[in-house]
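Number of protein chains: 2
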Amino acid sequence: MNIVLLDPASAQDDLWTIQSARQIEHLKHQLDIKIGDTLKVGIRGAGRYTAEVIEISERKILIQPLYEEPVPKKLPVTLIVAMPRPKVLRRLIQDAVTLGVEKIILLHSYRVDKSYWQTPFLQQIDHYVQLGLEQAGDTFPPEIGIYKRFKPFVEDVLPQMISVERPAYVAHPYATHSMPHAIEHPCTILIGPEGGYIPYEIDLLKKNGCQAVSLGNRIIRTETVIPYVLGRLFSTW
Amino acid sequence: MNIVLLDPASAQDDLWTIQSARQIEHLKHQLDIKIGDTLKVGIRGAGRYTAEVIEISERKILIQPLYEEPVPKKLPVTLIVAMPRPKVLRRLIQDAVTLGVEKIILLHSYRVDKSYWQTPFLQQIDHYVQLGLEQAGDTFPPEIGIYKRFKPFVEDVLPQMISVERPAYVAHPYATHSMPHAIEHPCTILIGPEGGYIPYEIDLLKKNGCQAVSLGNRIIRTETVIPYVLGRLFSTW
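From first to last, the protein sequence lines are chains F and V.
Residue 236 in my numbering sits at position 236 of the first sequence; the count goes up by one each step and never skips.
Residue 419 in my numbering sits at position 182 of the second sequence; the count goes up by one each step and never skips.
Just so you know, not all the hints are guaranteed correct.
A few chain V positions that, by computed beta-carbon distances, are all more than 10 angstroms from chain F [stated by the list, open to error]:
no., residue
1, Glu262
2, Ile270
3, Thr275
4, Glu339
5, Asp350
6, His364
7, Ile457
8, Arg458
9, Val466
10, Arg469
11, Ser472
DSSO-like cross-link-like pairs, simulated, lysine-lysine; straight-line CA separation at most 30 angstroms [claimed, not checked]:
no., chain 1, residue 1, chain 2, residue 2
12, V, Lys351, V, Lys310
13, F, Lys206, V, Lys310
14, F, Lys206, V, Lys277
15, V, Lys340, F, Lys87
16, V, Lys324, F, Lys28
17, F, Lys28, V, Lys277
18, V, Lys443, F, Lys40
19, F, Lys34, V, Lys277
Across the chosen pairs, the derived CB separations fall in these ranges [what the hints assert, rightly or not]:
no., chain 1, residue 1, chain 2, residue 2, range
20, V, Arg296, F, Pro173, 26 to 36 angstroms
21, F, Val157, V, Val394, 50 to 60 angstroms
22, V, Glu431, F, Ala182, 27 to 37 angstroms
No lab work stands behind these hints, which were simulated from the structure alone.
All C-beta atoms in this analysis are idealised placements derived from N, C-alpha and C, irrespective of residue type, glycine included.
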């Protein structure tokens with residue numbers, strides 16, 4: 001937790017209130033904060049501040065904002081991922097948010113086990129968004145989309161996310177072109193499930209405007225490939 | 238598991254033997270292999286092959302190598318990481334190996350909790366190396382080094398890993414220069430612990446030939462920063 005992220009409702013008066021048990025536990029026991037210490041604080045969907053600790057009690061901590069600080073920029077990228085295993089989903093959301101992805105879409109695909117859509121983590125995505133923002137020091141949650149049908153998404157929704165200025169790259173081991181690097185424009189990235197998109201899906205993606213690109217001949221896990229691809233694409237950002 | 242990685246001892250006769258319970262379990266229950274199927278197989282420290290399944294029994298699977306295939310190239314990088322929490326260590330080793338890091342060094346640092354060096358995972362590193370190689374389809378384990386004293390390592394060992402042709406970059410949030418991208422030469426990368434290297438350590442690293450470079454103003458977890466940095470540095474590789 002590199003900032004304490006508050007709801008706007010907790011930051012309406014002159015003194016702001018930290019009342020999440022998780023945040024209080026971390027501040028008291030990991031950081032051992034005292035009255036008079038300064039903290040980095042963010043308001044969800046708004047600014048980021050340095051604040052001073054005014055009062056510490058059992059169930060709340062009162063702080064006073066001192067000055068505003070810049071919020072880190074987002075990466076101009078929409079990340080479309082075939083729905084992963086629940087354990088991977090948590091990390092993937094948290095990492096994508098930490099790295100500044102603007103929009104995350106979870107998509108069904110032939111090789112996605114249908115049971116993955118039943119995971120309770122899907123109802124807790126916002127918690128992992130919060131952890132990712134607190135790690136990065138960011139305050140703006142990404143947009144999250146969920147599409148449980150592949151074909152209607154690819155035919156009706158995806159084409160609106162693609163243009164000459166905003167290409168879409170699908171990572172595909174058999175592609176002849178390499179994934180570009182150090183681009184200076186927005187883009188959409190598609191990452192397949194374990195085992196990859198099936199040929200029918202790759203064809204449909206290509207027909208609807210995606211470029212299939214290779215990442216070399218190592219097979220990389222979903223949760224690892226996401227930071228790897230973001231580092232590669234946005235290294236000048 | 239994208240290849241079955243065997244010890245050279247299991248591959249001395251005309252038919253090779255898979256006898257690891259973990260590999261047999263995966264082949265039988267995840268991949269549901271049958272006699273006559275082909276498998277991707279690697280010999281640890283040697284070649285990679287397509288092989289045919291000849292015999293399946295309770296405790297072993299016999300296979301016949303058909304033809305050799307290329308082993309993925311390594312990245313020309315030495316990755317020096319402040320010893321992380323045990324849970325992170327496993328993932329870090331596995332991901333670094335999957336991505337093709339040539340040499341991995343675990344280093345003590347002021348903000349590394351001394352208890353981390355007691356973890357049983359340190360005795361099981363080779364298992365995570367094996368999993369990383371099997372994921373990538375690689376056969377050559379990286380070199381692994383362990384240094385429990387920061388200063389002697391930085392003063393006596395590190396300088397031998399640095400030259401004009403092989404710079405060393407230490408990720409440091411307060412650096413004025415950015416981490417380079419798409420480099421076409423070998424390098425050494427240093428990643429700090431949670432909370433970063435302390436100023437004394439950064440100074441000592443700089444005095445001994447490292448360049449402090451920034452990755453922007455998002456704070457990224459160790460396990461996430463490694464694929465992120467490798468994607469950024471080696472995107473033309």
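Notebook entry, point to check: Non-interface claim for Val466(V): all C-beta distances to chain F beyond 10 angstroms?
Noted result: Non-interface label fails for Val466(V): nearest chain F Cβ at 6 angstroms, not farther than 10 angstroms.
Margin query: Hint check: Lys28(F) vs Lys277(V), CA-CA at most 30 angstroms. Holds or violated?
Written below: 52 angstroms, violated
Checklist line | Minimum Cβ distance from Arg458(V) to chain F greater than 10 angstroms, as the annotation requires | finding: Answer for Arg458(V): violated, closest chain F Cβ roughly 6 angstroms.
Next item on the list: Take the C-beta atom of Val157(F) and the C-beta atom of Val394(V), compute their distance, and say whether it sits inside 50 to 60 angstroms.
Entry: Holds, at about 54 angstroms.
Next item on the list: Grab the minimum beta-carbon distance between Ile270(V) and chain F and tell me whether it stays above 10 angstroms.
Entry: 15 angstroms, holds
Note to self: Verify this label for me: Glu339(V) is non-interface relative to chain F, using a Cβ-Cβ cutoff of 10 angstroms.
What the structure shows: 13 angstroms, holds
Item checked: Beyond 10 angstroms from each Cβ of chain F, as asserted for His364(V) -> Label holds. Min Cβ-Cβ 16 angstroms, cutoff 10 angstroms.
Check: Are the Cα positions of Lys34(F) and Lys277(V) separated by 30 angstroms at most?
Finding: Not OK: Lys34(F) and Lys277(V) at ~58 angstroms, beyond 30 angstroms, violated.
Margin query: Just to be careful, I want the Cα atoms of Lys206(F) and Lys277(V) compared with a cutoff of 30 angstroms; is the pair within it?
Written below: 29 angstroms, holds
Checklist line | Pair hint Lys340(V) and Lys87(F), alpha-carbon separation not exceeding 30 angstroms | finding: 29 angstroms, holds
Next item on the list: Over 10 angstroms to the closest beta carbon of chain F is the bar; see if Ser472(V) clears it.
Entry: 3 angstroms, violated
Margin query: Is the claim that Glu262(V) lies outside the interface with chain F correct, judged by CB distances over 10 angstroms?
Written below: Non-interface label on Glu262(V) holds, nearest chain F Cβ at 17 angstroms vs cutoff 10 angstroms.
Figure legend: structure checked against the earlier numbered hints; hints not met, in rising order: 7, 8, 9, 10, 11, 12, 17, 19.
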